[in-house]
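We have chain A already, so just place chain B on it with the hints.
Residue numbers (this note's numbering), protein chains in the order written: chain A, 1 to 305; chain B, 306 to 587.
In short, the hints are calculated from the structure, not lab data.
None of the values given here were measured: they were computed from a predicted structure.
You can trust all of the hints, since none of them are fake.
EDC-like, lysine to aspartate or glutamate: derived pairs with alpha carbons at most 16 Å apart: (1) 82/A - 163/A; (2) 411/B - 302/A; (3) 413/B - 302/A; (4) 387/B - 533/B; (5) 207/A - 196/A.
Residues per chain are reported as follows:
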Amino acid sequence: MAQASVAQDHQSSWWHRNQQQITPWLFLAPGILFFLFYVIFPIFQSFNLSLYEWDGLGQAEYVGLYNYEELYWDEAFYTSLKNNVIWLLLYLLAIPAGLFIALFLNQTVTGIRLYKSLFFFPFVISQVVVGLVFTWFYDPTFGILNVLLGAVGIPPMNVLGDENWVTVGIIVAGLWPQTAYCMILYLTGLNAVDPEQIEAGRLDGAKGWKMLWYIIVPQLRPATFIAFVVTIIGALRSFDLISVMTNGGPFGASRVLSFYMFEVALSEYGFRMGYGAAIAVVLFLIMLAFIAYFLWSMYKEEKAR
Amino acid sequence: MFPTPIERTPRSWQVTYQAFLPLALILWLLPLIAVAIFSVKPDSDFANANYWGWPSEFKGFSNYWLVFTASDMPQYMLNSFKITIPTVIGAVALSCMTGFALGIYKFKANIWIFFMFVAGNFVPFQILMVPVRDLTLQLGLYNTITGLVLFHVAFQTGFCTLFMRNFIRALPFELIEAARVEGISEWRIFWFVVLPLMKPAIAALSVLMFTFIWNDYFWAIVLTQGVESQPVTAGITSFNAQYRAAYHLMSAGSIVAALPPVAMFFLMQRHFIAGLTLGAVK
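So that you can see chain B by itself, here it is in the shape it has in the complex:
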């Protein structure tokens, strides 16, 4: 292990390290701690220039209550869920299939199709922006949740295919050969042999996709406008325009908006990290 395990270092260093950990964490998370404190302050603190001090009284409940009752936040949240969940399901389902095809079968175009997905996934959004917006308009899907979902599914299939294909590549191929010898059809091999083995990959990809799509801002402002269809990331910015100096409400709103992916991350942490670090170890 590197650096030297702390148990093997002098006692004084062990104590310093243990003391330093929480200090470093507080420094690192200072921006978030600041928002959290902002969100429980009363309005008057900001008027009296008590920005960075301790809240003069706890107003958390009423701030959050206002976010939920007097703003469009609930609608934006609902939109975000309506966008994120179908996208995750769609992109993961499509990539299970493409990943299976590219990971199991040997055919000439295999690597080129794979590279098409990988390369497409790294493309800058701006090169797609005008044509995709135009296409969505022509399909009559501009400013609809369906329009946004369809694009997200298509685009994320690139990354998901990269992920799934590499995962399937690492499975023991003998299993599939054995199934073939038994005369099991290819479709049933996918459904009954490979898919059950893919559960960890599906879990990893689902949380990862959830976070990515939930946090998307660019496509939200390109393909939608207004409260009926925009997700929470776009909502926060119009919230900002509406309540410019109401820092307590802005903070409460931001925290509410950030909560679902954070909850997702804590619930599925192991999978999340396994997904992100795919390929980081050899």
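Same shape as in the complex, but just chain A:
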């Protein structure tokens, strides 16, 4: 009995001595395992899969870099890539637009809090619903867009049926919630702007644009950084709106990589998992550039503190 209690003592003191080393791993284990299983491994699996021809059911056949070679000759791939670039560029408009609305709402009048939250509304709603509503707006037979265009003498147009306009039309729908998001980021940022610097600027005669550009915007850097990150990621992830509004059409003109990949891998066109994986790898590498930049800035900040 005495021995048992010694052993227990020994054990508990071993635990006691090492618990600060072991505890973090016990806390991390479930999260890390889950994440590796569902997120990290699948990334590598997709890389591997892109070297195979596979219909999702039968035997996968190793084809080396053939899928990438096919991608190189694939017109639809270039259309998607071009649209991804358009998305990236136009989506960034959400940042100045959000700043503009934030400045407009940054006052203390009665009811302003309600205004702020109502302006934020579009972000809370599913993109599926947003897509549906904008589809009605653009409808060539009854859409309100054509009613408004007619009022200023412009002939009616079928935005979602026009190869040249369809991507822009979808992006406008996407900009609506994204602008709301950036607005909230900037409203919070504006709260933290140093009033003394503004006063100093006023004494030096800075007003309006000059004040905004030289004194306010530099202080909003953290908000701008986050707005930039979420907008870029959002632009590259765009899928819901395209799927709901046009299903990639007309004639594939509104496809982006994320949608084209889905189409290739999971639709009646083919179940070509390997080819889809190759498209996903390209999209991943593009996003990786931004992720790396983001992590790098985080790393610098971590080291600085």
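Then chain B, alone, in the frame of chain A:
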């Protein structure tokens, strides 16, 4: 404050601003106002091309009644709740633990594990799509709510860990040191010292996750099909296919589908915004 506080501007500008506010709001929310008006119109208005005009009569009750009785909407809503609630609980619980480990302890791999979570959270869904779908099929969880929940929990743990870890980092570390000096075990420090302090973060993350998961569409169509397991976002699109020209029903359905996250946002607004803007101020 910038721009100049409105009280310090000329009276005329103050009046203009006050008048402009509601006008701007109406313009901004025009798409939503349109759906709301669509949803109370009678069917005949659409047949008579009265799309954007005032409803000829109020049919809100019967439109909404139809959505609830003659469509699959209630089932989709129920599915959405069954997916969203366990996901929120799971992802928040896991990330409380990972956030605690990464925020409190110093060990070599700390920053790399943290970066793994952050990077994974920004990955495009498409690179995960085929393997995750395959994995779910192999586990026999394809087209089940459990399958969808498990994936969501795993994926959202990335964002939630980023959030929790940064929040815990900002807590006063002396509290933990004091507890250690008292000889309190690490587990009890987590449970009795840190967790109570994390309440605002837990609230913020919960509303945020609720909205994200409720609004998910991509994984819903990749991992499920059919009325038994699909959430309301996927439901709306099949609703759309079914009632193509029934704009009044579509609108009523969309509003019903959008309501839970909207209600959540209004109830927990402060937390929601605190969650979204994490890091936007320094």
